[in-house]
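Engineer: Here is how the chains run, residue by residue.
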Amino acid sequence: MAAELFFKSIAELGALLDTKTVSSAELTQAVIARTKAVEGRVKAFNSFDEADALAQASASDARRAAGQARGPLEGIPVGLKDVISVAGQPLTASSKMLANFVSPYDATVTTKLKGAGAVIWGRLNCDEFAMGSSTENSAFGPTANPWDLSRVPGGSSGGSSAALAAGETIAALGSDTGGSIRQPAALCGVVGLKPTYGLVSRYGLIAFASSLDQIGPFARTVEDAAIMLGAIAGHDPLDSTSFKADIPDYRAEVKRRQGPWRLGIPKEYFGAGLDPEVNAAVERAIAFYRAQGCEIKEVSLPHTQYCLDTYYIIATAEASSNLARYDGIRYGHRSKDAKDAVDIYFKSRAEGFGAEVKRRIILGTYVLSSGYYDAFYLRAQKVRTLIRQDFLNAYREVDALLTPTSPVPAFKLGEKSDPLALYLCDIYTIGVNLAGLPALSVPCGFTTGGLPIGLQLIGQPFAEANLLAMARAYEQAHDWHRQHPSL
Amino acid sequence: MTMSSAPDLDIDHVAKLARLALTTEEKAKFSQQLGDVLHHIEQLGKVDVTGVEPTAHAFPIVNVWANDVVRPGLTVEAALRNAPAQRDNMIVVPKVVE
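Those protein sequence lines, which keep their order, are chains R and V. Residue numbers are given in numbering that gives the first Met the number 0: position 4 of the first sequence equals residue 3, and the series is strictly consecutive. Residue numbers are given in numbering that gives the first Met the number 0: position 78 of the second sequence equals residue 77, and the series is strictly consecutive.
Among these hints, one or two may not hold up.
Take a look, some chain V residues computed to stay more than 10 Å from chain R by CB distance [said to hold, decoys possible]:
| id | residue |
| --- | --- |
| 1 | His39 |
| 2 | Gly44 |
| 3 | Asp67 |
| 4 | Val69 |
| 5 | Lys94 |
Among chain R residues calculated to face chain V with C-beta under 10 Å, some are [claimed, not checked]:
| id | residue |
| --- | --- |
| 6 | Asp105 |
| 7 | Ser319 |
| 8 | Leu322 |
| 9 | Arg333 |
| 10 | Leu419 |
| 11 | Leu433 |
Simulated from the structure, these hints should not be mistaken for lab results. Ideal Cβ positions, reconstructed from N, Cα and C, are used throughout, including at glycine.
Next up, chain R with everything else stripped away, as it sits in the complex:
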């Protein structure tokens, strides 16, 4: 059984830790050993600090022995996407620009996880500055999908989803700007939750697009995702967009809340480009909910076709502004060839950023530039209002929406070299970010080729407890989450 510790859920491990069947040190050792065994093939981590993790685990065991265990995350290894600060540890955003950067402070989510007793375990690979849908844009090389090493794990939080699927961590955090938690969760067969905008503090998260970014959990089960969300949610004075919302006991609520629910099927999410096997798996999930007595209703989100364009204007505009801070002066890469102070900006940025980041900075700068602002950025913000209104209109009739998470299962590394083709991978996830809504991906089957498929549930603002309860109802009746890749 000890060999399988790294595939257990937080809830299962909590019981083993509580009864002193295993210690956090033993669990952390098992995760480290597993990581060393498979990481050469999966390549999920940018860095990890074994001695630091073991010291945290020993401290956790000491707390437990003293009767001071802090809750369900006590002694549980949790990996963080390499855009979330951990004081004294590297923070790279998978970019050459920050290759040697060391975090001066903890992100609020890191502080909260440490306060909950979790063992912070490693920094996980991602697309550079979280820009991408395959983790191929990392300056340090791509991560492989544990279910098929020739395929991508999704992105941008592909290191988080791959590490979890491969047993290299027990849970993880990612960030989601246009689907960067849910899509990799779907492609790797794990649960991924993007909370409502403002529920989780962004303090200490490297900014990509500030009005869209949210940190959220990756977990093996819906209950684990609820435990993780409970640990990281809550108002933070250090993030001025943080919302003063009531934080329920998600774990308890998820078990308590029962359906039936009224579920909407947005017809625009089942059109051209949807893989037939993904479609079939989602249809079976819809049939499950119907059989459980849920009211299934077709709804329309008429501005869906404009989500992608709206997103790429707003996200790149905000990114071009946020990434202006990387100027080679105070921190980050500084060019050695610069002629003068101003030349430092041009050359440091040219040398430090990868192709996709440069493309998005150029596009974002263009749409904000004089003469184009009204036509692009302002117009996109207005269409964003209409997109958000579509969702709120649908919620007059239904409690949540059911859709595929990704139109396709994991694709081959190097298969999508055209930026626009890759952007189209996000069509079912980006509307949620524009509208600021919570959404999660839960495993709902496999293709005939053995690739995971994800079901997306999109909820009402701050209705995470309901959303998780719906997902758990499905998960309880299926065993997709108990299957693991053979590595």
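The hints should help you fit chain V onto chain R, whose structure is shown.
Structural biologist: Quick look at chain V alone, frame taken from chain R:
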């Protein structure tokens, strides 16, 4: 919206605004790729946005005040730890004015 000007992205001008030195190859490649993206974006011009207010944040929170009190922050050493070049608790840069 008048999108007729969309595809004529002046890559030199925009790269200068973005303080980004691009190679000749990058300029050619990005111009073509972003031309495709801008062509796709042109369809936003079809949406009727008459009388629609822009959304900057899904849940706008305005006037977030904080008390003006001193709080502990980073030490000078910690703040300068990631500086590419430093001397005497200052960041070193090339001469700005000749």
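Engineer: Compare the structure with each hint and give your call.
Structural biologist: Against the structure, the hints come out as follows:
{"no.": "1", "hint": "His39", "result": "6 Å, violated"}
{"no.": "2", "hint": "Gly44", "result": "8 Å, violated"}
{"no.": "3", "hint": "Asp67", "result": "13 Å, holds"}
{"no.": "4", "hint": "Val69", "result": "15 Å, holds"}
{"no.": "5", "hint": "Lys94", "result": "7 Å, violated"}
{"no.": "6", "hint": "Asp105", "result": "12 Å, violated"}
{"no.": "7", "hint": "Ser319", "result": "6 Å, holds"}
{"no.": "8", "hint": "Leu322", "result": "9 Å, holds"}
{"no.": "9", "hint": "Arg333", "result": "4 Å, holds"}
{"no.": "10", "hint": "Leu419", "result": "5 Å, holds"}
{"no.": "11", "hint": "Leu433", "result": "7 Å, holds"}
Comparing the model with each earlier hint shows violations of hints 1, 2, 5 and 6; every other hint is respected.
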